[in-house]
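Heads up: the protein sequence lines correspond to chains A and B, in order. Mapping the first sequence onto this note's numbering, position 26 (from 1) lands on 26, and the numbers just tick up by one. Mapping the second sequence onto this note's numbering, position 177 (from 1) lands on 177, and the numbers just tick up by one.
Everything labelled a hint here was simulated from the structure, so no lab data went into it. Values in this document were obtained by computation on a predicted structure and should not be read as measured data. Even for Gly, the Cβ is constructed at its ideal location relative to N, Cα and C. Fair warning: there could be bad hints in the mix.
[Said to hold, decoys possible] Computed footprint of chain B on chain A, listed as stretches where at least three residues anywhere in the stretch have a Cβ under 8 angstroms from a Cβ of chain B: (1) 127-138; (2) 282-288.
[What the hints assert, rightly or not] DSSO-like, lysine-lysine: derived pairs with alpha carbons at most 30 angstroms apart: (3) A:LYS76 with A:LYS89; (4) B:LYS304 with A:LYS76; (5) A:LYS89 with B:LYS89; (6) A:LYS76 with B:LYS76; (7) B:LYS89 with B:LYS76.
[Stated by the list, open to error] To spell it out: a stretch of chain B is covered by chain A in this simulated footprint if at least three of its residues, at any positions, have a beta carbon under 8 angstroms from a beta carbon of chain A; those stretches are: (8) 151-157; (9) 259-272.
2 protein chains.
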Amino acid sequence: MPELRRDPIVGRWVVLAPERGERPSDFPPVQVGTARNTCPFCPGRESMTPPEVYAERPDGMRDDGEGWSVRVVSNKYPALQIEGDLDPKSDGVYRSMRGVGAHEVIIESPDHSANLASLPDDQIAAVARAARERILDLTGDRRFRYIQVFKNFGAEAGATMEHGHTQLIATPTVPRRLDEELGGFALHERANGGCILCSMIEQERASQGRILIESDRFLAFEPFAPRFPYETWIVPTYHEGAYETSSDDDLLAFAQILGRTLRAIHGALDSPPYNFVLHTAPINEPGRPPLFHWHLEIMPKLTKVAGFEWGTGFYINSVPPEDAAGVLRSHLDI
Amino acid sequence: MPELRRDPIVGRWVVLAPERGERPSDFPPVQVGTARNTCPFCPGRESMTPPEVYAERPDGMRDDGEGWSVRVVSNKYPALQIEGDLDPKSDGVYRSMRGVGAHEVIIESPDHSANLASLPDDQIAAVARAARERILDLTGDRRFRYIQVFKNFGAEAGATMEHGHTQLIATPTVPRRLDEELGGFALHERANGGCILCSMIEQERASQGRILIESDRFLAFEPFAPRFPYETWIVPTYHEGAYETSSDDDLLAFAQILGRTLRAIHGALDSPPYNFVLHTAPINEPGRPPLFHWHLEIMPKLTKVAGFEWGTGFYINSVPPEDAAGVLRSHLDI
């Protein structure tokens, strides 16, 4: 059973999950191209994964069989486990609890070698719907306070499986990164009224220099203070805190801008390793939901995070976002 | 001139330093072993670096010549630059200032292929003294509020030069990571009285399970909630906030425990890439100095930081610190 431990000075939680040290990887030890012969995410090998918790497949076809277009299963080597209670403990200055949560894998398509940038928009939309449905379902578990949807693309970004997948982890506390963002939204609301991200959208539209794509309902742009070269955010231009309230139409529009953005990143930067993280409102909030505005942060991993960043929390970035926007714009739709 | 930009939501500062994109690296493109033929940190090539700001060398020998045992120079490709004022600007929700600061390199020894783990203790102590002297000198510049001493060892940890070196960067604001730690110290003091790190030391001594080395004046231990496998902290067992108050005797004792710790890490983990960061009290504090206790955090880089960590600020670690302490203890002094 994983354990959650809290750093007594800064309150940062760490997941100790010794079992994850034993999980297999299909790269780099396996040759690219041979992983497909044994890949548990490929159609026909559904029995190699834990049972599915969600799938899109034609009516009448059976669960855990072939025919799916998107499939969600529990992670076989979970960072957090679904059973039991938190059972918080304290010992002097130290606090810990059992590593209760959920860790699931969204298999993005049946095609082993596809990735989000190569999939058609309606298939990306199916992945976006799967994330929404899993958030809605996991929200029913009152132990959970947040659901982090994220993607690791490429070994350098922490991926251990080649077959295209996105992940989600439900956590029993609101993560500190979210807490920081919520604090920023609250501070701006008190000082200026309104939503800080709505203000940012307005300012980006006025200046244009960092915008990559503006569509009917979404904006893709390079943030003013990016941690990483070519860091790109996608935000709904309408104010909405919770991703899971999105309609199918919203998610198709989101998939369209996400696909175009990822294709520009793949084209401009030679399919770089990247992470993306979805930031959405906490779930099962007691009382009034806090002010928030959901968004996706895409972070190509072209440089190493080094001592200065670890020590200070400052980031050094050698590519100004205005330059990055220009480069990515020149790779749109080609 | 680099620019500091503030993320308007979470207040995180980012250093935009386009010039650093052009800096040379002597690995991996250069073959290991050939870098020494052109290395600007080697004796005899002092003119290839900016002028030295500190060195230990026998009396009577000239600055910027040979004969030094430790030498500190400005970084030729600085993240922050020493000239000018901050000139803070704001534009709607966005804030920025000029990238004013200092970025220096401590060349740890004349020996190109030495590293801190292979150097004798008195040479490590010379590096520790150089860091102290530079902090003391830079504190005289009232624009600076913090000095981050850090080391990147190995390309995977962000090093771009092979010749053993430690770095320091003086920043015009107190970094958020330090602010978080200062907040934790203040919270504990208000709630319980006393220093949280002194309490941790007491608790570690009582339980022993995470201790690697206990010497007369220092403790090396695996923290209760480590972000990374084999993360190791070194702390003075006496309460002191500011590293730069250390006497030569203190720093020799620090060098001894640092050397033993690094040799155990090199031995147990096959000379892994690692970062270390020194956390010490802010400088030029207006008013009463805040409660703090200086310490060094050593972070081997054996795993990738991935989407979950970026999204949440939680860390997943597959090696419990009690296990890591056992492994490292078995590699002490061999």
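task = Quick one: which hint numbers does this structure break? Sort them smallest to largest.
result = 1, 2, 5, 6 and 9
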